[in-house]
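Could you build the full structure based on these sequences and the hints that come with them?
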Amino acid sequence: MAIIETHNLSYTYPGATKQSISGVSIKIEQGEFTLITGPSGCGKTTICRCFNGLIPHFYQGEMTGSIIVADKKVSENPIHELAKHVGLVFQNPENQLFALSVEKDVAFGLENLGVPRKEIREKVDWALKLAGIYELRERPPHELSGGQQQRVAIASVLAMQPRIIVLDEPTSFLDPLSAKKIFEVIRELNRNLGITVVLVEHRLDLTAKYTDHIIIMENGKVMLDGDPHQILQSEEARLVGVGIPKATHLYRILKHEGIQLGDTVPLSSEDMAKLLKEALRTR
Amino acid sequence: MIEVKDVYFSYQNGVEALKGVSLTIKDGEFVAIMGQNGAGKTTLVKHFNGLLKPAKGQVLIDGVDTTKRSIAELSKDVGFVFQNPDSQLFSETVEDEIAFALKNFGYETEVIEKRITWALNLLNLTQYRKTSPFMLSGGERKRVALASILAWDPKTLILDEPTIGQDYEQKEKLRQFIMQMRTQQKTIIAVTHDVEFVAECNPRVLLMREGKVIADGIATRILTDPEILTQASIVPPQIAQIFLELPGLNLQKDIIDVYEAARILQNILEKRGR
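Protein sequence lines correspond, in order, to chains C and L. Per the numbering used here, the first sequence starts with residue 522, numbered consecutively. Per the numbering used here, the second sequence starts with residue 1117, numbered consecutively.
It should be emphasised that the hints constitute simulated quantities derived from the structure, not laboratory data. Mixed in with the good hints, there may be bad ones.
Below, a list of computed lysine-lysine pairs in the BS3-like style, where the Cα atoms sit at most 30 Å apart [as the list claims (entries may be wrong)]:
(1) K1184(L) - K1172(L)
(2) K1302(L) - K1328(L)
(3) K776(C) - K1387(L)
(4) K798(C) - K1387(L)
(5) K1369(L) - K798(C)
(6) K539(C) - K1246(L)
(7) K1192(L) - K1135(L)
These numbers were taken from a predicted model, which means no experiment stands behind them.
Quick look at the structure:
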């Protein structure tokens, strides 16, 4: 069942002359891990803002077409209603943090929903531990590094346990090992709790292997939409200027040279190494 | 030339950010500084333009101690592009943003005009000349911040996380831009977590951990050493990972480039196929 569905959705920011997204029709199924990517300015962040109603309620501007998120028409439901179902982690964590301590920031959303105190404590601790910042819980967020702030923003959203988590380049400030751990946590939440994940990322090397569904945008339009293995081996993905994972790239070069390694395109180094081992064993 | 001699630095809250760092960066070098969050990378590079001064030890820029020069003087030679463009941008238009420092340095209007046009063109921002930087996307603002520094043509350029929010094409342009700067003998120092970008550029890599430099060498060597990378909280680039997972083959291990990897594998597979 689709948990996010848009039909011919277009939007223009106030004062802008050009549509930031135009005629977008996509369907994201419940429990899917979806990656949205494409060149800078392609409309990725704009579409994420539609998912929790920031567009059109906060940004205003002109929206046409329809969008339904968690069975609710976005145009007819206020942000605070949609926020119960959709958690959004912004690109720049500084825009999201404001409380005097990390744990207060993480508790803020739950307090607003009137969750009982004991339950807040449990959920906050759970989220802090998952994001790997339990030790920082009493520190003021604005004193933390960019990477630590990103973890706080992620914990704040996790604590709410929304049905949908939308993350806009959530780990860009984190070192590679920490980023990998965060993506693994998100993947586990997706698998174990069935939370629908929508991730906006440029770095497919790090993220392609977690995804069930890839949407590639360009100039406000959806260019490619479907299974990651098929999308990332298509010539169009290259033309749109998407940095396909190096493992996928290597597979494609070898294929071009007449070496076919299995039928499934690898999205990660593990997959590619497996294909190579198999090829070396059988030749 | 940048010389760092046994530098220690602590922040007011007591955090010891640098614990005895020594290194030399020659003119025209391209150096990537990598490592865990909080390892001291940004603290180190802030010593290069005098934003921070060592508590102990010495930093020399072209032989002159940074404690003997003002930040204004130093920044003319050493341009610093911040991680978060919003800590740098404040003007009403992109053009004004770039003009600001040039005016402060006392350039003539004509020169300023030329330099603005040059920098906008180089970073693919010409269409935004009259736009407010705050109307632009995160990736675009980042390029405005870079343009505003480049415009005054510093000898050394420090880039703090330059690839964040940049798409594939912009990263490729950034790579070409860095290569171009190197042909002009500019020194480029990038603090970055982006292993794939570093693998594509193959610069000298300095790995930091807990306020110290734990490895220093060419990217092909450092990025293919899983033990040292783990200590610095870094995951090897995908191509290196693939080769690391194919042991028993006696493959060369210092491969990080996709085309080189393809050539080697093609060779092996075709020989076996025969």
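30 Å Cα cutoff - pair K798(C), K1387(L): With a Cα-Cα distance of about 15 Å, the restraint between K798(C) and K1387(L) holds, given a limit of 30 Å.
Holds or violated: K1369(L) to K798(C), with C-alpha atoms at most 30 Å apart: holds (16 Å)
Pair hint K539(C) and K1246(L), alpha-carbon separation not exceeding 30 Å: Cα-Cα ~16 Å, so holds.
Pairwise hint evaluation, K1135(L) against K1192(L), where the allowed Cα distance is 30 Å at most: holds (28 Å)
Satisfaction of hint between K1387(L) and K776(C), Cα-Cα up to 30 Å: holds (16 Å)
Distance restraint between K1184(L) and K1172(L), which requires alpha-carbon spacing of 30 Å or less: Satisfied, since the Cα-Cα distance of roughly 15 Å is no more than 30 Å.
30 Å limit on alpha-carbon distance, applied to hinted pair K1302(L) and K1328(L): The given pair, whose Cα atoms are some 26 Å apart, holds under the 30 Å limit.
The structure shown violates none of the earlier numbered hints.
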